[in-house]
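The listed protein sequences correspond, in order, to chains A and B. Under UniProt numbering, the first sequence has 307 at position 307, and the numbering climbs by one with no breaks. Under UniProt numbering, the second sequence has 354 at position 354, and the numbering climbs by one with no breaks.
It is possible that some hints are incorrect.
Since copy identity is lost for identical chains, a pair holds within one copy or between any two.
[Said to hold, decoys possible] Pairs of lysine to aspartate or glutamate, EDC-like flavour, derived with a Cα cap of 16 Å: (1) Lys163 - Glu176; (2) Lys137 - Asp449; (3) Lys278 - Asp293; (4) Lys426 - Asp293.
By construction, these hints were calculated from the structure, which means they are not laboratory data.
Protein chains: 2
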Amino acid sequence: MVTVSLGKALSVIPYPKVQLDKLPSTLKPDDANKTYQPKLDRIRRSQYPYLRELTYLDHAGTTLYPLLSLRNTVQLLSGSCMGNPHSISQCSQTSTHIVQEARNVVYSLLDADPDEYDVIFVSNASQGVKLVVEGFKDTFEDFDYVYSIDSHTSLIGPRTVAKHFKCFKDPYSVVEEYSLEMPQRPVLVSWTGQSNFTGERFPISQYNVLFKSISSKVYTLLDAASLSTSKPPSLRSFNSLARPDFVVLSLYKVLGYPDIGALVCKKSAGSYVFSGKKYFSGGTVEQVALYSDYAKRNLELHSILEEGTLPIHTLAALVSSYKAFLSLYGSFFNISDHVSYIAGEAYAQMSNLVHNNGVSLVRFYGSETYGDSNLHGPIIAFNLFDSSGEPIGYYKVEKAAFKNNICLRVGAMCNYGGLMQHLGSKDAQILNEAQVCNFTCGDENDIVDDVEKRHRGVVRISFGAMTSEKDIQILIRMLSEFISIS
Amino acid sequence: MVTVSLGKALSVIPYPKVQLDKLPSTLKPDDANKTYQPKLDRIRRSQYPYLRELTYLDHAGTTLYPLLSLRNTVQLLSGSCMGNPHSISQCSQTSTHIVQEARNVVYSLLDADPDEYDVIFVSNASQGVKLVVEGFKDTFEDFDYVYSIDSHTSLIGPRTVAKHFKCFKDPYSVVEEYSLEMPQRPVLVSWTGQSNFTGERFPISQYNVLFKSISSKVYTLLDAASLSTSKPPSLRSFNSLARPDFVVLSLYKVLGYPDIGALVCKKSAGSYVFSGKKYFSGGTVEQVALYSDYAKRNLELHSILEEGTLPIHTLAALVSSYKAFLSLYGSFFNISDHVSYIAGEAYAQMSNLVHNNGVSLVRFYGSETYGDSNLHGPIIAFNLFDSSGEPIGYYKVEKAAFKNNICLRVGAMCNYGGLMQHLGSKDAQILNEAQVCNFTCGDENDIVDDVEKRHRGVVRISFGAMTSEKDIQILIRMLSEFISIS
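If we strip away everything but chain A, and leave its shape as in the complex, we get:
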């Protein structure tokens, strides 16, 4: 790596600079009074031409990019030659500068302190989790792994390489268990900030303080992938003890584009957890001997962990896309406000759908706190029932949605804790079903016919910055088709 004066070198480059350090944090309270609601129709028309025929209700899968994100990206990529970073050449320095700006995007989005946290770019949140686990394996060999029942399967995978694992619903049960016997080995405790199944939100600071109180051997990992789609956590708003050691998120779930994720890692925790890292690739080492096993590692955490060439053009797109989102919607405070309103509205209207005999068409799963952004994200998980209370298969709903150009999701949402808590499925049933009926998530085999009939999964709808009331009307009209009129 060559140390040169970046400022001087960059001044000769015809490259549209973005002053990200001047950007507001995403949750600045003085944005509270602003809203983009009145101009949403205009934003939809000009920025989302591909939504003209579609009603998109799968923002928890990924939200959607405005054209401005693409245009900003093309402008940046057309005007700049981006080379391999860390050299003296113009195109290399352009890249170095863009990489730093992309890290600033993540700092800004999570309101994180660059002195406390490092940003490591990964493909997606799942890869971020895997990277942390790799650190645990290398440095400690054995470790315990603890995950919340509301986890996405990507948060369950680490158990495959842990010495012991535990799934918890009540965080106090973890504290209790370890109070009987203090942890013998390091423990990685993870939970999701928001269930990608029901949309319920779980406290960050409270959980973190609790887990950290067990022992200094406990490290915490927050899966912020689902939560961040509309309400990225504001790390600076918690005190130091309340801030997780590791935070993972998928930036395409936040901005729609580009496809990249980040592991945001407390430097203090990371420098210990990754101190035993074995594997290396191109950018992570400075020098390598050929016949002995000597390799001189890079020093900075992100340099140690980002293996292979950084995705420069994707990072340029991240910078462009973040600017586009903020210029259209003002702040994530506004977006959170908007989607809370939409979720509350959808819930209210769906609750009103009743069969002629008074039986409700819709059953909701999870706490029905839609509209309260502290307790619930913009996700609604539900199923339909006919007028005699018998379940209507979710595959039927999906087919009706397809006919009505509505994009939604059905099945387990890669969240089997969701099924367990809300549809009463048990580990034994999951094993049995996999062996006996060769069920795969989301297929036509959507009703279990045991003692009584029950749904095998749910219908999930989820909202984003550009979801409008008209989208909800179209959904309600489609759902109304299931109301018994006899």
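Got chain A; can you put chain B on it based on the hints?
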């Protein structure tokens, strides 16, 4: 996963379809007579506006995208709503279709048979190597790792987790060693198709047959990252025994954009090597139990290995970018032809640079077979010497290049086998230098002053589809500044 008639569903989607199955393989011999050379100036003016002020000679780092790649991408992304794949919804099926087309791009690029190979998308070649190694660790626990001396450090990293490792220069030495004692455990043998240091090319089929002849326990991995930038291997042109089990490449090195890599994996080898895979994430499992460690894995190799959401938009960009490259340049046969010519030309002109006393300014490293695309890729590694034969530090060359708006690279190129073979550095020196002088690759500390002065690294220039003769003239003019005129 839902099985629906894709064709029918897609017919309702306003999505510009790309018929990739009709694309030619990249090396079709009947392209041989076509060339884009006469219209290169026009291509440069219209497609690479950001090159107006710059001379870009680091295509081995990454080549450069034409504007058409960006335009095609924006057109595709503006016209389509891409959701999470594998559902019945319109936007989900659009994504499923694009993912398949992106896999077809890789099949087409490497002229690989989809019945024999699977395509697994990864961040870059380094991640592809890591994925293979992870399979070895999980399935076999212990394994031997063998790599060629010309490897990029990313191909050296696997030794950190292998039981034993060996670095080879002569492939027959590997065969010899194992002929004394047959391998006790599985062996992964890897080599690069082209040195990213000197540009020398190494035979694929010959090496593969040789290594496979040792034992059925031997698996082969070809690092095609550097080779593919101008001459992707045509796998179908080799017989079955001559085709490597694993091939990794970085597609941004081939097309400039987008940032994605691929692991191309023989299904027969992959289904065994990855059979013990432990870790899982979202998309790689169909069902998961919460309290026991049961997880139902997906069946297809790419589904098992692609952890987390696939980068849909990046894959759409890959499809667009590949089409753009082919429409501008015709085929990779043409590109290979062009860069061979440019490399030959550059070599000839650089060879003519001599000081007034007759001493050569430039010393080349590696076989001087520039221009022969079977033996050499479009990379030239060199250093400069003054009229008394003393080395001129590469950092001086880099600074002169910066002043002349030329982008090139200096240092070790993450290739310490290159240094060892061509600059005479030894493992012991590498250790010593790292400890004593805190040297980092490419810094000002570019001359070793031992018994006699010598360079600590090289200057590397490399060429791509859009490199023109004018670029070479600018380079020569800059190098001429170093000619002693006294």
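Checklist entry - For Lys163 vs Glu176, is the C-alpha pair at or below 16 Å within one copy, between two copies, both, or neither? => result Cα proximity of Lys163 and Glu176: none, with 19 Å in one copy and 41 Å across.
Checklist entry - Is it within a copy, between copies, both, or neither that the alpha carbon of Lys426 lies no farther than 16 Å from that of Asp293? => result between (48 Å within a copy, 13 Å between copies)
Checklist entry - Should Lys278 paired with Asp293 be assigned to within, between, both, or neither, using CA atoms and 16 Å as the limit? => result within (11 Å within a copy, 27 Å between copies)
Checklist entry - Under a CA distance limit of 16 Å, which applies to Lys137 and Asp449: within one copy, between copies, both, or neither? => result neither (43 Å within a copy, 42 Å between copies)
In this structure, the hints that do not hold are numbers 1 and 2, in rising order.
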